[in-house]
Amino acid sequence: MSIVVYSAAATEPLTVAEVMAHLRLDASNQEPAPGVPTCALAAPAVAGNVTAGAHRYRCTFVTADGETEGGVVSASVTVADAAVNGKIELTAIPIGGALVTSRKIYRTAAGGSTYLLLATLANNTATTYTDNIADASLGVGVPAVNTTSDPLIGMMIAAARAHAETELHRYLITQTLDAWFDAFPRYENPRCPDRTIRLPPLQTVTAITYVDTDGTTQTLAADQYVVDANSQPARISEAWGVCWPATRTQDNAVKIRFVAGYGAAAAVPACIKHWMLVRISTLWENRTQIVIGNGGVIQIAPAFIDSLLDPERVTGRI
1 MSIVVYSAAA TEPLTVAEVM AHLRLDASNQ EPAPGVPTCA LAAPAVAGNV
51 TAGAHRYRCT FVTADGETEG GVVSASVTVA DAAVNGKIEL TAIPIGGALV
101 TSRKIYRTAA GGSTYLLLAT LANNTATTYT DNIADASLGV GVPAVNTTSD
151 PLIGMMIAAA RAHAETELHR YLITQTLDAW FDAFPRYENP RCPDRTIRLP
201 PLQTVTAITY VDTDGTTQTL AADQYVVDAN SQPARISEAW GVCWPATRTQ
251 DNAVKIRFVA GYGAAAAVPA CIKHWMLVRI STLWENRTQI VIGNGGVIQI
301 APAFIDSLLD PERVTGRI
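1 is the number of the first residue of the sequence shown in the numbering used here; add one for each residue after it.
Hint data in this document are derived by calculation from the structure and do not stem from the laboratory.
Any given hint might turn out to be false.
[As the list claims (entries may be wrong)] Here are the computed lysine to aspartate or glutamate pairs in the DMTMM-like style, where the Cα-Cα straight-line distance is at most 20 Å:
| no. | residue 1 | residue 2 |
| --- | --- | --- |
| 1 | K273 | E12 |
| 2 | K273 | E18 |
| 3 | K255 | D223 |
| 4 | K273 | E312 |
| 5 | K255 | D182 |
| 6 | K273 | E165 |
| 7 | K255 | D178 |
| 8 | K273 | D306 |
| 9 | K255 | D212 |
| 10 | K273 | E285 |
| 11 | K273 | E167 |
| 12 | K255 | D228 |
| 13 | K273 | D310 |
| 14 | K255 | E238 |
| 15 | K255 | D214 |
| 16 | K87 | D135 |
| 17 | K255 | D194 |
All chains, please: the whole structure from these sequences, using the hints.
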């Protein structure tokens, strides 16, 4: 059996903020929010679409890990009559550090106090922008929390999650996977000694497809098999009175698409999250496997916290 990810999880079990709190890291490990842009009515006056009224602006920086909170608020700019002068020019738009991949500009509606998405600058170089957008076309609100981070933290979160999944023989966040087999289990097939298919703990089976003896890919009807999602590992068996169909003799003749994971991050058990935090802390404090100190050379033992996973460890053959 081989398993490949068909649709990966969209999130990790731990957030950057949770890891930073555990590591006692402050905002110096995040991209700082931008400074203030300069804003003024277009000169010379020109008709535009900005809704009449007073407007303020603020920007954010975007990195591969997330987005900063809103930056410093600009001075107020008032459009008295959009038919006369309905465009606002932004200059001195802040430029971020080397990790910034894009920037976002947020604006209030006329006379408002909530900052809504006006535009995304898909670079870290442009310092000017012409606002010609009506209030009705503004987007989502400005973030209140900085979700950027040292890229190393994101890498460590992913590494700890992958290590936990390997240790547990299960997946943490809901995702869709494909399991491949050379054949259905049949008594007469020496490569499949029993008739039960075992998979990591799962939520549901989406579909079972196979290549029949004529070389045609078929979908096995759902009433031809029974899924035991309560067992760990999960089991798939023939329905009562049904035999697994014959397949062409070839590699990966059978594919089972299934959904696995506890659910969203909130559903992942605390013992696993604790294990991940300790694993990440060890990686953060010890950037190499060998540590040289006053006591000599010390090798970091990888198994010293693995017992935290025992409550969720899957036993039995998969």
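Legend entry - Hint check against the structure, violated hint numbers in rising order: Nothing - there is no hint that the structure violates, so all of them hold.
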